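Asker: Sequence:
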Amino acid sequence: MAAFVAVLIISNIASSAKIVDLGFSLFGVPMAFDGGTLLFPLSYIFGDILTEVYGFRASRRVIWTGFVLLALASLVFFVLKRLPAESAWEGYAGTKAYDAILGGMSTGGIALASLAGYWMGEFSNSAVLSRMKVWMQGKHLWMRTIGSTLVGELVDTAVFVLVASLFGVFGWELFVTLVLTNYLFKCGIEALMTPVTYWVVALLKKHENLDTYDVGVSLNPFKLS
Numbered sequence: 069m070a071a072f073v074a075v076l077i078i079s080n081i082a083s084s085a086k087i088v089d090l091g092f093s094l095f096g097v098p099m100a101f102d103g104g105t106l107l108f109p110l111s112y113i114f115g116d117i118l119t120e121v122y123g124f125r126a127s128r129r130v131i132w133t134g135f136v137l138l139a140l141a142s143l144v145f146f147v148l149k150r151l152p153a154e155s156a157w158e159g160y161a162g163t164k165a166y167d168a169i170l171g172g173m174s175t176g177g178i179a180l181a182s183l184a185g186y187w188m189g190e191f192s193n194s195a196v197l198s199r200m201k202v203w204m205q206g207k208h209l210w211m212r213t214i215g216s217t218l219v220g221e222l223v224d225t226a227v228f229v230l231v232a233s234l235f236g237v238f239g240w241e242l243f244v245t246l247v248l249t250n251y252l253f254k255c256g257i258e259a260l261m262t263p264v265t266y267w268v269v270a271l272l273k274k275h276e277n278l279d280t281y282d283v284g285v286s287l288n289p290f291k292l293s
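Going left to right, the sequence shown walks through residues 69 to 293 as this note's numbering numbers them.
Incorrect hints may appear among the rest.
Below, simulated EDC-like cross-link-like pairs (lysine to aspartate or glutamate); rule was C-alpha separation at most 20 Å, straight line [to be verified]:
1) Lys207 - Asp279
2) Lys164 - Glu154
3) Lys207 - Asp282
4) Lys86 - Asp167
5) Lys149 - Asp167
6) Lys86 - Asp279
Simulated DEER-style distance windows between Cβ atoms [unchecked claim]:
7) Val136 - Ser286: 16 to 22 Å
8) Gly91 - Leu137: 33 to 39 Å
9) Gly256 - Met204: 21 to 27 Å
Because the hints were derived from the structure by calculation, they are not lab data.
Predicted model only: the values in this text are computed from it and were never measured.
Positions of the beta carbon are idealized from the N, C-alpha and C atoms, including for glycine.
Given these sequences and hints, build the entire structure.
Answerer: Below you can see the structure in the form of structure tokens.
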């Protein structure tokens, strides 16, 4: 949970801080992504591991924890933006630089976009993996992790970029570029990390003596009991 929350918050700050240009195009679309994309796919790997080993209910608690703490991080940047600036700092850095780099976090644009995308995407990912595990009787973990990620990352990426664009964090001219690049990058990371996911899942199942099947478990994200 600690690593999951750390990845989530660091990713949002990085998303606000910089957009990376890979220097080439795919199907005529320039390949560029926000900085958080470097780290954010790990949150889905954590989500897969949590759901596979501990079940949807445990994953649901972790997702809500991340949601609340990301909101807290955004609140801190929001309050900091509105506190009076010290004169020396204003001279070598300044409010304009703060707004340019951390504006997404301080105005809530990035945080709201991420909260919406993360909440919908993570729950989609966990729900799909949970049901696939029952249907497949625990077989073909690679198919479940990649299949759930294809769904979850699509929801997450589309909602994140849409909301961030609505709040002016990203220009609309970047919408298709960011959605396509982020989605392909995130799904690619998930596929490449599959051997690591297998290793961690096997280690945890052995250590915890646990392998949860969500038979009859409600997938309602608001049911915390």
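Asker: Would the pair lysine 86 and aspartate 167 pass a check requiring their Cα atoms to be no farther apart than 20 Å?
Answerer: 13 Å, holds
Asker: Regarding the pair lysine 207 and aspartate 282, is the alpha-carbon distance no greater than 20 Å?
Answerer: 14 Å, holds
Asker: Take the C-beta atom of glycine 91 and the C-beta atom of leucine 137, compute their distance, and say whether it sits inside 33 to 39 Å.
Answerer: Taking Cβ atoms as reference, glycine 91 and leucine 137 lie about 35 Å apart, which means the hint holds.
Asker: Starting from the range 16 to 22 Å, see whether the pair valine 136 and serine 286 falls in it by beta-carbon distance.
Answerer: About 21 Å separates the Cβ atoms of valine 136 and serine 286, which means 16 to 22 Å holds.
Asker: Holds or violated: lysine 149 with aspartate 167, Cα cutoff 20 Å?
Answerer: At roughly 8 Å apart (the allowed maximum being 20 Å), aspartate 167 and lysine 149 satisfy the hint.
Asker: When you check the alpha-carbon spacing of lysine 207 and aspartate 279, does it fall within 20 Å?
Answerer: 12 Å, holds
Asker: Holds or violated: 21 to 27 Å for the Cβ distance of glycine 256 and methionine 204?
Answerer: Given range 21 to 27 Å: holds, Cβ gap about 23 Å.
Asker: Verify the proposed pairing of lysine 86 with aspartate 279, using a straight-line Cα cut of 20 Å.
Answerer: Status violated; Cα separation ~40 Å.
Asker: For the pair we were handed, lysine 164 and glutamate 154, check the Cα-Cα distance against 20 Å.
Answerer: 14 Å, holds
Checked against the numbered hints listed earlier, the structure breaks hint 6 alone; every other hint is satisfied.
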